[in-house]
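Which chain is which? The protein sequence lines are A and B, in order.
If you use the working numbering, the first sequence closes out at 1191, no skipped numbers anywhere.
If you use the working numbering, the second sequence closes out at 271, no skipped numbers anywhere.
In case anyone wonders, no lab produced these hints; they're calculated from the structure.
Glycine included, each C-beta is placed from N, C-alpha and C at the ideal position.
Treat the hints with care, since some could be wrong.
Claimed, not checked - Okay, derived cross-link-like pairs now, EDC-like style, lysine to aspartate or glutamate, Cα gap no bigger than 20 Å in a straight line: (1) B:Lys156 - A:Glu1155; (2) B:Lys156 - A:Asp1161; (3) B:Lys189 - B:Asp145; (4) B:Lys46 - B:Asp79; (5) A:Lys1100 - B:Glu39; (6) B:Lys91 - B:Glu44; (7) B:Lys175 - B:Glu157; (8) A:Lys1100 - B:Asp65; (9) B:Lys166 - B:Asp130; (10) B:Lys46 - B:Glu87; (11) A:Lys1032 - B:Glu157; (12) B:Lys156 - A:Glu1164; (13) A:Lys1093 - B:Asp65; (14) A:Lys1092 - B:Asp41; (15) A:Lys1093 - B:Glu44; (16) A:Lys1072 - A:Glu1126; (17) A:Lys1093 - B:Asp41.
As the list claims (entries may be wrong) - Computed, partial: chain B to chain A, Cβ under 10 Å: (18) Ala14; (19) Val18; (20) Gly22; (21) Ile25; (22) Leu29; (23) Gln129.
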Amino acid sequence: METSLILIIIATAFVNNVVLSQFLGICSFLGVSKQVKTSASLGTAVLFVITLSSAVTHIVYTLVLAPLNLTFLKTIVFILVIAALVQIVEMFLKKKAPQLHKSLGIYLPLITTNCAVLGVALKNVDMEYGFAQSVTAGFGTALGFLIAIVLLAAIRERFDDSDVPEAFKGAPIVFVSAALMAIAFIGFSGIKF
Amino acid sequence: MDAFLAILIAVVTVTVLGILIGTALVAASNKYHVETDPREEKVRNNLPGNNCGACGFAGCDAVAAAIAAGKAPADACPICSQEALDKISEVMGVAAKEVIPMEAYVHCAGTCGHVSQKINYVGIQDCRAAVLSGISIWECDYGCVGLGTCVKECPYNAISVKDGVAIVNSKRCVGCGKCAAVCPKGLISLERKDKKVAVRCSNPNKGTAVKNVCSVGCLGCSICTKKCPTGAIYMNGNTPMINYSKCIGCGTCADVCPRGIINRFDN
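Input sequences plus hints: build the corresponding full structure.
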């Protein structure tokens, strides 16, 4: 059991990297990767939200949707639950941990609409994961997102000092480097569990 | 009938879930309600909202919080309009100051045709890096480097480099002064938007030395100071400076300048 949890982390963080292999959460991946510092904050917030939401959605799925034969409603119910969860977490942090809210606060509403969060919840259901496995898969996926966004931000910081060809300046070079990163991550796909 | 029942169960479940979540949200917002200064939001609403950072704070939200908390003056935003500053001052209960709209002005006219290139610079494409290399790219040691550090710095896309010299788009410039802060040659200054004339050269050298490196640079002949009817121009070394509080905008200096380096504005 313990080995399989570690395998799940490696599988979700590297082999099936949420951004670079499954192309989920691309919007914030490209949008908030200008600086390593801000991208690390976003990545941490995502880590927090995805881990929490995969736990909550698993509970909702097994206790509400599965017994009532309403599994076809999972998409809409998960969206509801995740949006509300992020809102409550934001309020909680604002009151109880203002410093943490200051550093993560602006990213929390952004994450509500991050499809990676919903993607993890739906994938956990498809894989028929148990509670511990779901939370682990959520954590691993978010870890993969954190790794990918920090790496891209580090690359983008280097663009500032390099002579990028005129036609590639701005968004194009970011897309090119993201694509090259995705190709690099294909290297993990040979690993089968 | 089964299908109908299934639909009914689905509708009821989602409704109940929605109500539960809604109640939880309301409860959470009551329980975790944080008191904020109502003035902060009012101040924030009157700020430009560009988050340019020219005030020295992390953005418009941060400066609004600082103004409301009394940590920053009501006119902390350097690009605030008169109307907005009046409202902010009213919210904060202080007397409104007068806003003089400013804009950046590049004191160099040495375009490629006027100044010749001394070296072919291939290093880091940044004016500050080029200046650090110790050798001037252009014959004139005081002119615009032309690598566009100010262009990258400007949050309003108001500045561009044309023929090797930065030029400010007066319509877009709000006078935040970020370009002036990064120019390694100190060529950019904030001037009143309603100025009628401005000197477009910063070379402090004497006439011959300027003439040798630039075909438009100021020779320091000081005829403008003599012809000015109000004595608004004075010489700072070999460069004329304009005292805008005395300037009446007659344009005599621009007419008499043998190099045409004093610019005239129609605004």
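Structure-based check of each hint:
1. B:Lys156 - A:Glu1155: holds (14 Å)
2. B:Lys156 - A:Asp1161: Satisfied, since the Cα-Cα distance of roughly 14 Å is no more than 20 Å.
3. B:Lys189 - B:Asp145: holds (9 Å)
4. B:Lys46 - B:Asp79: holds (14 Å)
5. A:Lys1100 - B:Glu39: holds (15 Å)
6. B:Lys91 - B:Glu44: holds (13 Å)
7. B:Lys175 - B:Glu157: Satisfied, since the Cα-Cα distance of roughly 17 Å is no more than 20 Å.
8. A:Lys1100 - B:Asp65: Distance of about 12 Å is within 20 Å: holds.
9. B:Lys166 - B:Asp130: holds (16 Å)
10. B:Lys46 - B:Glu87: holds (14 Å)
11. A:Lys1032 - B:Glu157: holds (15 Å)
12. B:Lys156 - A:Glu1164: Holds - the C-alpha atoms of A:Glu1164 and B:Lys156 are around 14 Å apart, at most 20 Å.
13. A:Lys1093 - B:Asp65: This hinted pair holds, its Cα atoms lying about 18 Å apart.
14. A:Lys1092 - B:Asp41: Given that 20 Å is the threshold and the Cα spacing comes to 15 Å, the pair holds.
15. A:Lys1093 - B:Glu44: Holds. A:Lys1093 to B:Glu44 sits at ~18 Å (cutoff 20 Å).
16. A:Lys1072 - A:Glu1126: holds (14 Å)
17. A:Lys1093 - B:Asp41: Holds, because 15 Å separates the two Cα atoms, which is no more than 20 Å.
18. Ala14: Given a least distance of 6 Å, the restraint on B:Ala14 holds.
19. Val18: holds (7 Å)
20. Gly22: Cβ of B:Gly22 sits 7 Å from chain A, so the hint holds.
21. Ile25: At about 4 Å, which falls below the 10 Å cut-off, the nearest Cβ of chain A leaves the hint on B:Ile25 intact, so it holds.
22. Leu29: With Cβ-Cβ at 6 Å, under 10 Å, it holds.
23. Gln129: holds (6 Å)
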